[in-house]
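Enquirer: Residues per chain are reported as follows:
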Amino acid sequence: MNFQQIILKLTEYWADYGCVITQPTDIEVGAGTFAPATILRALGPEPWKAAYVAPSRRPTDGRYGDNPNRMQFYYQYQVVVKPAPEDSQDIYLKSLEAIGIDLKAHDVRFVEDDWESPTLGASGLGWEVWLDGTEVSQYTYFQQCGSIALDPITLELTYGLERLATFVQGVDSVFDLEWAPGFSYGEIHKETEFQGSTYNFEVADTEMLFELFKLFNGEFENLFERFKKRDKEATPESEDWRDVKKDNLVYPAYEFVMKCSHVFNILDARGAISVQERAAYIGKIRNMARAAANMYLQHRKDLGFPLLKDN
Amino acid sequence: MPNLLLEIYNEEIPAGYINSISGGLYISLDTKIKWAGLGQIDIDSFSTPRRFNFFVEGISDRAEDKFEEIFGPPEKAAFKDGKPTKAAEGFARKNGKSVDDIEIRDTDKGRYCFLKVEEKGRTAKEILAEIIPQAIAEVGAPKSMTWIPGNKFAWPRPIRHILALLDDEVIEFDFHGIPVGRITRGHPFHGRREIEIEKADIDKFKEELEKEYVILDSEERKKKIKGELERVFKKEGIVFDENKLGTLLDEVTNLVEWPEVVVGEFDEEFLELPKEIVQAAMMEHQRYFPVEKEDGTLINKFVTVSNRPQLKDETVERNAYYLQTIGVGNERVIRARLADAKFFYDEDRGKKLEDYVPELAGMVYHAKLGSNLDKVNRLVELCGKIGPMLGYDKNHTELAERAAFLCRADLVTQMVGEFPSLQGVIGSIYAKEIAKEEEPEVRWAIKRYHNYNVHHYAPGFSGVVANILSTADRLDTLVAFFAIGEEPKGNQDPYALRRAVLGLLDSLENKNVEPAKLLVEATGALINSVEFRPDEVIQNVLRFMRDRLYVKYTSQVYLPDHVRSVLERGMKYPLNRIRPKLKALRNLYKKNKSDWFDLVKSVQRCRPGKIAKDLEEKGLDVNASPDPGKFKPEDDEEGKYEHKLYRLFKEVEKRFIELTDNREYVEAGNYFLEKMKDPINEFYDKVFVNVENPELRLNRVRLTGAIYELFAENFADMAEIAGPEKTSEQ
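Protein chains in written order, with numbering that gives the first Met the number 0: chain A, 0 to 310; chain B, 0 to 729.
If you're looking for bench data, these hints aren't it; they were derived computationally from the structure.
In this text, a Cβ means the ideal position worked out from N, Cα and C, and glycines have one as well.
Honestly, I wouldn't trust all of these hints.
Unchecked claim - What the simulated footprint calls covered on chain B by chain A, stretch by stretch (three residues with Cβ under 8 angstroms from a Cβ of chain A suffice, anywhere in the stretch; the number is not a length): (1) 302-313; (2) 584-592.
Stated by the list, open to error - Among the chain A residues that face chain B by a calculated CB cut under 10 angstroms, a handful are: (3) Arg108; (4) Ala203; (5) Thr205; (6) Met207; (7) Glu238.
Unchecked claim - In silico DSS-like links for lysine-lysine, alpha-carbon gap of 27 angstroms or less: (8) Lys221/B x Lys103/A; (9) Lys151/B x Lys103/A; (10) Lys308/A x Lys151/B; (11) Lys300/A x Lys311/B.
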């Protein structure tokens with residue numbers, strides 16, 4: 000099964016399960032978790048099911064395309080289900096069968112892994128899923144997002160698509176994967192890796208990036224200030240409700256959190272951030288994520304948690 | 000008598016939690032069942048990553064009946080003219096009895112109503128339905144999670160169902176809505192999903208599960224793994240040594256429900272890597288067993304324990320083929336990890352170890368304490384200062400400075416970035432590989448610095464360099480964190496300062512150096528980079544050391560008052576005197592109680608008391624030496640004894656200090672008793688200390704005070720010693 004078939008099969012499987020196929024987020028993220036479809040939707044009481052490909056950027060993991068398994072740009076397949084279903088492990092295992100893995104023939108393991116994202120103020124408990132020793136997925140029961148304790152709990156399944164594909168195709172290097180008939184992963188991404196690594200590690204203009212971080216952060220603060228000053232007494236019945244709603248722009252605000260996080264990641268790869276500053280930057284992003292989480296919860300509350308009504 | 004079978008079925012619990020959760024549940028159940036009066040039972044417990052099981056053979060089917068006597072209203076209120084009143088009726092009704100059951104009895108307070116009420120012992124089923132949820136709720140784990148909507152109940156991973164059988168009956172209870180019944184499940188991927196268990200029979204239950212590829216008993220799983228490992232080693236012609244596996248065997252046993260061993264191979268070229276690196280690549284992340292020969296070298300094979308059983312409905316060939324596939328998959332994983340390790344190793348070795356040291360400037364040690372390079376610079380300086388103070392020669396001191404310079408260099412290597420647990424090991428490997436000129440003691444010290452496996456100790460290496468370095472490190476750590484106000488508070492000890500101080504005390508216990516002097520050097524090394532008050536920090540660290548020593552010695556054979564008496568002044572002096580003093584006190588105390596208390600009393604009598612305090616308040620120095628010229632004349636009735644005691648004190652002082660300096664404390668104690676007991680008593684009998692004449696009074700206080708101080712400073716502060724009435728034998 001080639002790379003794109005795996006994506007298609009997973010999409011088909013999770014669509015059949017009842018997930019909204021939301022499509023990738025159009026802003027750079029370090030992992031699928033950062034997308035609003037996960038980090039925001041995990042908050043609050045409303046049920047949610049979604050699946051999407053998450054193109055992910057981790058500038059520090061760049062190896063110029065020389066390392067067979069490490070890249071600064073790669074693909075995750077992200078699934079979130081809230082509340083976490085009771086038979087979630089069985090459902091997950093069936094998705095592996097859907098991409099042609101005969102579970103009888105392999106050693107499947109759920110290996111303890113407590114996940115934490117300090118920048119998102121998010122954490123969860125779960126496992127890495129191993130197939131014959133290869134980690135192919137992260138399996139997490141979220142406990143906290145934007146520093147807010149969750150109830151109900153969201154299940155997050157993150158397939159490392161390249162790992163999964165190397166396992167399925169039995170190749171040693173990501174770049175040897177067949178993406179589509181006649182096209183290898185390397186033909187599509189070897190050069191993007193080389194250029195991405197070079198840019199992140201050697202070329203990126205750190206002054207510009209610091210400036211960008213400041214600007215993005217500033218714009219976020221503007222939006223957050225706006226939210227804090229909104230008319231707290233207003234209700235959907237109020238005459239000026241439409242104007243009041245304009246004071247909680249959580250989605251644009253959260254986009255600036257994503258942008259800040261990505262800029263920080265490049266600065267980090269570039270070695271431009273000292274250890275002391277590093278903690279301060281992470282703290283800043285975490286505070287932004289927390290603020291956005293609160294904005295989101297307020298926003299959904301204002302709407303009356305509309306997704307609850309079908310349940 | 001029925002049997003009880005319980006199973007808590009959850010998703011994969013971290014291997015490290017399993018034994019403690021199983022143990023916790025066992026204790027909880029055991030206590031509660033016995034407390035409830037269901038008999039003196041024995042519980043068998045079993046566990047896998049997915050289940051905790053408990054079996055009790057022969058539990059009482061009900062608790063014993065209980066009788067209770069209940070006080071009621073006074074007779075006067077309950078009966079009027081022999082007829083029951085409302086009060087009597089109410090009393091009877093409330094207790095489920097009739098008025099006829101009421102007895103009248105005489106009590107201290109008069110005649111009162113009584114009822115005998117018997118409480119029927121409840122059935123085991125009722126009791127267990129209460130106990131089991133309580134027991135589960137009581138047990139905690141280091142990290143737990145919630146998963147049930149609207150419910151805060153937390154367990155390390157979700158519990159999916161509970162099996163609770165008393166013989167063939169389900170014990171029904173509600174536990175956060177989790178299904179309770181007679182259903183269990185086989186191996187999660189290869190067994191049946193729902194297995195109905197008819198009755199509480201552990202042998203049948205185990206058999207049933209074994210058919211579904213679950214080995215319930217961890218000892219049996221371990222035995223299976225060990226047996227297969229042995230077979231693999233034998234095939235390679237190597238004698239299998241269980242001791243070399245460390246804790247990995249236990250861990251792996253708790254990772255699978257059905258262990259099946261798979262052997263894999265890797266390229267021989269990776270064996271050129273240091274053994275520790277190859278081992279770490281295998282064991283740390285992948286939990287593979289390396290195959291180590293008797294001589295300690297590795298071969299290019301590994302053993303992994305899979306959770307994939309040999310399936311009954313597959314042919315032998317097919318099963319073998321599958322296992323081989325699993326092996327090939329794992330080989331690919333280890334190949335990638337070893338290739339990474341080799342890459343980092345080669346890259347790292349492109350530089351000399353000392354070349355990494357400057358890079359430590361970019362790695363923070365602590366926000367308020369500067370970088371790791373600052374730390375290294377302090378250590379180098381400190382090693383140079385304290386080496387001679389600890390009694391070591393110039394050569395060793397210089398080697399320690401070198402070791403201090405290099406000891407943190409590996410922090411910035413790529414290899415440590417990849418395998419953090421190899422920190423220190425990498426340092427010493429690189430010291431050998433890329434700094435061949437380093438002395439063996441330096442390499443050893445770097446290794447020891449990170450406290451890596453003690454059994455790697457190679458005889459012939461002196462520990463001197465390592466000792467200087469670790470002492471310097473602990474001194475710096477303590478002083479530095481105290482200086483920035485990060486001393487341990489309550490249970491909070493984030494920088495492990497208690498461990499640091501214990502290590503320091505262990506190494507100073509035999510050294511002839513005052514701890515304060517070492518701390519002065521440590522504060523000196525820090526003073527340019529941090530703002531703090533050195534005297535205060537030194538006093539605080541000394542007190543911290545004293546408190547740890549108190550805990551240490553009182554947990555041994557020494558009496559708390561003895562320990563206090565020695566530590567009170569003892570921190571001013573080299574710590575190598577403390578244990579001999581304690582031993583001597585114990586010895587004197589044990590040998591002859593009446594002599595001991597005579598000694599204690601004699602010294603205590605000399606202790607400056609209220610008179611001294613009044614003088615001090617007037618601004619007089621009571622601690623100055625007594626002046627023989629200011630006693631009464633020799634021919635005076637009092638003067639005679641003043642001069643006598645003074646002369647004796649001068650004589651005893653010399654010899655007493657001689658003895659205590661030689662750490663001959665028993666002799667010193669006996670000598671003091673023999674020489675001073677009678678004269679001291681005589682002095683107090685004949686001489687009135689609190690005289691009108693202030694000069695005379697001051698001089699007498701100085702004389703007795705000097706005697707007290709002689710003992711307190713050089714041996715023990717006897718004010719701390721409990722009198723005979725308070726002393727209890729230990």
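Enquirer: So, for every hint listed, does it hold in this structure?
Expert: Going down the list of hints, with the structure as the test:
no.: 1; hint: 302-313; verdict: holds (count 6)
no.: 2; hint: 584-592; verdict: violated (count 0)
no.: 3; hint: Arg108; verdict: holds (6 angstroms)
no.: 4; hint: Ala203; verdict: violated (19 angstroms)
no.: 5; hint: Thr205; verdict: violated (15 angstroms)
no.: 6; hint: Met207; verdict: violated (22 angstroms)
no.: 7; hint: Glu238; verdict: violated (36 angstroms)
no.: 8; hint: Lys221/B x Lys103/A; verdict: holds (23 angstroms)
no.: 9; hint: Lys151/B x Lys103/A; verdict: violated (37 angstroms)
no.: 10; hint: Lys308/A x Lys151/B; verdict: holds (24 angstroms)
no.: 11; hint: Lys300/A x Lys311/B; verdict: violated (55 angstroms)
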